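J.: If you're matching them up, the sequences are chains A, B, C and D in order. Residue numbering for the first sequence follows the numbering used here, starting at 6 and increasing by one per position. Residue numbering for the second sequence follows the numbering used here, starting at 6 and increasing by one per position. Residue numbering for the third sequence follows the numbering used here, starting at 6 and increasing by one per position. Residue numbering for the fourth sequence follows the numbering used here, starting at 6 and increasing by one per position.
No wet-lab data here; the hints were simulated from the structure. It cannot be assumed that every hint is accurate.
Simulated pairs of lysine to aspartate or glutamate, EDC-like, Cα-Cα distance not exceeding 16 angstroms [as the list claims (entries may be wrong)]: (1) C:151 / C:181; (2) C:151 / A:175; (3) D:151 / D:181; (4) B:151 / B:181; (5) C:241 / A:239; (6) A:151 / A:175; (7) A:151 / A:181; (8) A:241 / C:239; (9) B:241 / D:62; (10) D:241 / B:155.
This one's a predicted model, so the numbers in the text were calculated from it and none came from an experiment.
Residue-level listing of the chains:
There are 4 protein chains.
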Amino acid sequence: MTFTPLTGVIPPVCTPLTPDREVDVPSLLRLVGHLVSGGVHGLFVLGSTSEAAYLTDGQRRSVVEAVTKHVGGQLPVLAGAIDMTTPRVLDHVASVSAAGADAVVVTAPFYARTHPAEIAGHYRAVAAASPVPVIAYDIPVAVHTKLPPDVLLELAADGVLAGLKDSSGDLAAFREVVTAVRDHEDVTGFSVLTGSELIVDAALAISADGTVPGLGNVDPHGYVRLDGLCRAGEWKEARAEQERLCALFGLVSVGDPARMGPGSSAIGGFKAALHLRGVIDCPVTARPQVPLSPDEVARVRTYLVAAGLL
Amino acid sequence: MTFTPLTGVIPPVCTPLTPDREVDVPSLLRLVGHLVSGGVHGLFVLGSTSEAAYLTDGQRRSVVEAVTKHVGGQLPVLAGAIDMTTPRVLDHVASVSAAGADAVVVTAPFYARTHPAEIAGHYRAVAAASPVPVIAYDIPVAVHTKLPPDVLLELAADGVLAGLKDSSGDLAAFREVVTAVRDHEDVTGFSVLTGSELIVDAALAISADGTVPGLGNVDPHGYVRLDGLCRAGEWKEARAEQERLCALFGLVSVGDPARMGPGSSAIGGFKAALHLRGVIDCPVTARPQVPLSPDEVARVRTYLVAAGLL
Amino acid sequence: MTFTPLTGVIPPVCTPLTPDREVDVPSLLRLVGHLVSGGVHGLFVLGSTSEAAYLTDGQRRSVVEAVTKHVGGQLPVLAGAIDMTTPRVLDHVASVSAAGADAVVVTAPFYARTHPAEIAGHYRAVAAASPVPVIAYDIPVAVHTKLPPDVLLELAADGVLAGLKDSSGDLAAFREVVTAVRDHEDVTGFSVLTGSELIVDAALAISADGTVPGLGNVDPHGYVRLDGLCRAGEWKEARAEQERLCALFGLVSVGDPARMGPGSSAIGGFKAALHLRGVIDCPVTARPQVPLSPDEVARVRTYLVAAGLL
Amino acid sequence: MTFTPLTGVIPPVCTPLTPDREVDVPSLLRLVGHLVSGGVHGLFVLGSTSEAAYLTDGQRRSVVEAVTKHVGGQLPVLAGAIDMTTPRVLDHVASVSAAGADAVVVTAPFYARTHPAEIAGHYRAVAAASPVPVIAYDIPVAVHTKLPPDVLLELAADGVLAGLKDSSGDLAAFREVVTAVRDHEDVTGFSVLTGSELIVDAALAISADGTVPGLGNVDPHGYVRLDGLCRAGEWKEARAEQERLCALFGLVSVGDPARMGPGSSAIGGFKAALHLRGVIDCPVTARPQVPLSPDEVARVRTYLVAAGLL
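Pulled out of the complex, with its shape left as it was, chain A reads as follows (with noise of 0.2 angstroms):
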């Protein structure tokens, strides 16, 4: 198959459960729908925003089946394939490309402590055996690694990778390899895109192809709007609609850290606020996460409609 390079929004798309946390597909396929409506140019299933960590193999299946057969090729469906190593990720690749999705996203290896060497190897075998092509994602909160820029380059210039989903938050690290591939006469049709949802403006001003905001999620016209803004060249309307959102993205921080974690608010904070707005049934999220309390959703609310969303 022949990719088109991806640019524009690529929210992470959330995973609705039930109350008995089984995936929710309708819900899931209304949030698809609120999304596409909103103007996003593609969609990442199974990311962390979606909870991929928390999904039995099962579960993750159902995602990209519901979201591929719905979308039906109107754009582009990214699919994570997050496990440990090779062997692992590789069964997921072959389930969720085998599922439809039009390209797979791999994180460098976890659990196991690596290398360099290793992350290279990595992606290198993952990449022979997956049907679609394959977008590194660089989270070194979540594995505990930051993806090598050198590494990278390698790897794009040898046709292995198709694209970066960068959720580092290091933006000197992201320009350079946004630079390199740019200037890089053998590297072609490589993607690069960030999932700092804070600093989307800046991202864009410096080349990146696409953004994938986990706030996309919450309030995807806004974030297509920053987007068209952005492209435009109007720079001081961009700041504007992005600091917006940056006043909005306050949300995923609504619960008290005594209870819980840093994930458990955000993704927490992210379904109460698309139940509030009628997009998802029940914003229950998967165990072991701790639910908001009835005040930390009512600050959920107050954001929303500060934000001008409720």
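Please arrange chains B, C and D on chain A, whose structure you already have, making use of the hints.
T.: Only chains B, C and D this time, still in chain A's reference frame:
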């Protein structure tokens, strides 16, 4: 079933692979025989030393089935259920307990950012669903969280956990748990095991119940001897035996750090030693680990000779 | 004294040493002249790039005295007061303010384990005793703590701090501070400066007041040009200039990581470049930093030539 | 001078302060008397437990002068020379050795990013200039680097270092050094001391020379008793005594983690205990540490009572 508290030497069993990286069951069973004839008191399959992070679900199942069937109840078989979060761990628990494991060994959540309250909830949910006892696996180098002693004690007192396998290297924190479970009237039948193969004498001296030494694959007789000396109060002889094993442990560091990570070197060293000793057919490790060079394997041989094992 | 908020380019001034590692005052003053003639808007002495961590108290005093006397009030001189805790920092504050510094730059406590409440107390105590304004220095790579945005804002609103020099590399957290101080009615005269020399255009685009680029020692004209382009809204030209400077920044990585740490390589690279450009007499760095080899210095030269500086 | 290898109990001496945070010399000398009458074998002033990171140069000098003069050669006085890099450490070495210290205790470089080659160079340069023996201080929690065993051994064999004070908590790495210096024919007169007050019995069992217990301020008799039992091979009684001290150590955790860092709690706990025991006049700690609340001090009292010290 009733579960007698575990004591003694319970090595984490390496997983021999064929040249094309499938589980080599005959070699695995020869390794089990080598350990049993060495006098070990239990077996721990699918731990970190077993390359659990690198084995597919199918391979994990093969390992547990082959070993439990071979052992036939002679000695307890613990099995790792290593995965990121509760729902995924529960799938492994179901699988390995169906395959005959006598207990499951479970880490804190990883990849996802976590919190003590979430760790406690994780173990409670796993234990509620598990047909066999649950042992906590404290391995910060892999999961990037240290199990808090107070959480462990609460779970031990509530009967959620049947034991701790500590690979943190922090003997003071380990002692806090050992002493507290020994002195806590509500805690019964809780086994405290150390995974620190270089300080087994020290761990047993402070009342640990047993040890889970990766190096026990290579020299089970040595660890059984060491365990016996400690139990007999022969501390001076124990120290000498431990120091011999510490010297042997140098074989985990033969790999060139410019070419590979510490995991590749350690697992590669164990497997090379087992191959040189004639226990397993092939020293290959799972991808993306980097293989040892012939020179590095020659250095493994030197360690074996120096320890009187070749 | 009144303190006009700082804007523009305020390089952290390298500290040239003689071959026997005393402060080389003539070279230091030539470097200051080089920066001033390059158009910089302020000077920051005794920062990390100045090797403040390596200078004795006597050497620190020499540097501040020489520079403030030479500059004679032409442009503001900030001085680091880098030490572990409040009492020790206060001694440096007294010393550098007596020597003529216009403001002091102070990190979170380090060596000692710290806490947000202690960080706040630290800055309050320092500011209460300082005769000159206090600027917070956020440099997690050195002090292993990130200054929490909410602590910074509280201290800004209370008039404790006059600014922030951010070397965290975390543009999203930086933006949170930039936006909040701009929008907070109780905060006036607070300067937000970035130390991330590779994303100056991005930082200024999100409303930072100025920049503190280590690489500005080597190419002050470039950073002044970049600052001007950003202020004029010439974002495309700014990006090109920034990318030229990013390429030049490669000179900080010439040192062999098998032989030296990243600090030795970076400071060694800056000083070699200043020596090659004829600004300072001797490129020696303080102990125990490892010197660059002749080959490594030759690579520094290559970077200078490529950037049009030699 | 000749330097007999250190053995036994060498507590890091707390630094009592007056209410306005000057060194309280009478209380300091009473504390020294308390320790000496408790039977300790040496004193370590200006260590981490001494709040060296919080003392000005003038205060540090007062401490060493007062203690060395008071002790008058009765037992060895080690002094910390805690600072970021070689030139600054050398100033402290000159100061404390002039004030009568018998040896200096020096960490790896901190604040500056470092490297094994730079650590080795640091110790070589310090030792070359020091009039008294140099002891390496391994304290990763403070300096964020672990001293590599191979570097320590090289420096021990070359006569650069006279000992190691290990506060890493990593008993396996400590054992590697203990065993290697004992067995290395070129190493003589090298003392290996543990700073881990909760596993003194284990450290002495594996051949450590002595111990540097912060809690020894509060209960020197206990640590001297423990040391004696270990040397007599009375391991069971030693374990009981160590466990009593472990229980007492709970006093370092009385501080509320929502209000203060672990350092404030630990130093605050030691000083509160010394105050409650009538050894020092005032329990105040240096800024910016947060003081214990009256309730927290009451909990310290409970620990003292439980340990039979009040």
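J.: So, for every hint listed, does it hold in this structure?
T.: Now the hints, each set against the structure:
1. C:151 / C:181: 14 angstroms, holds
2. C:151 / A:175: At roughly 14 angstroms apart (the allowed maximum being 16 angstroms), residue 175 of chain A and residue 151 of chain C satisfy the hint.
3. D:151 / D:181: 14 angstroms, holds
4. B:151 / B:181: 14 angstroms, holds
5. C:241 / A:239: Holds. Residue 241 of chain C to residue 239 of chain A sits at ~13 angstroms (cutoff 16 angstroms).
6. A:151 / A:175: Cα-Cα ~10 angstroms, so holds.
7. A:151 / A:181: Holds - the C-alpha atoms of residue 181 of chain A and residue 151 of chain A are around 14 angstroms apart, at most 16 angstroms.
8. A:241 / C:239: Distance of about 12 angstroms is within 16 angstroms: holds.
9. B:241 / D:62: 46 angstroms, violated
10. D:241 / B:155: Not OK: residue 241 of chain D and residue 155 of chain B at ~26 angstroms, beyond 16 angstroms, violated.
Going through the hint list in order, the structure does not satisfy hints 9 and 10.
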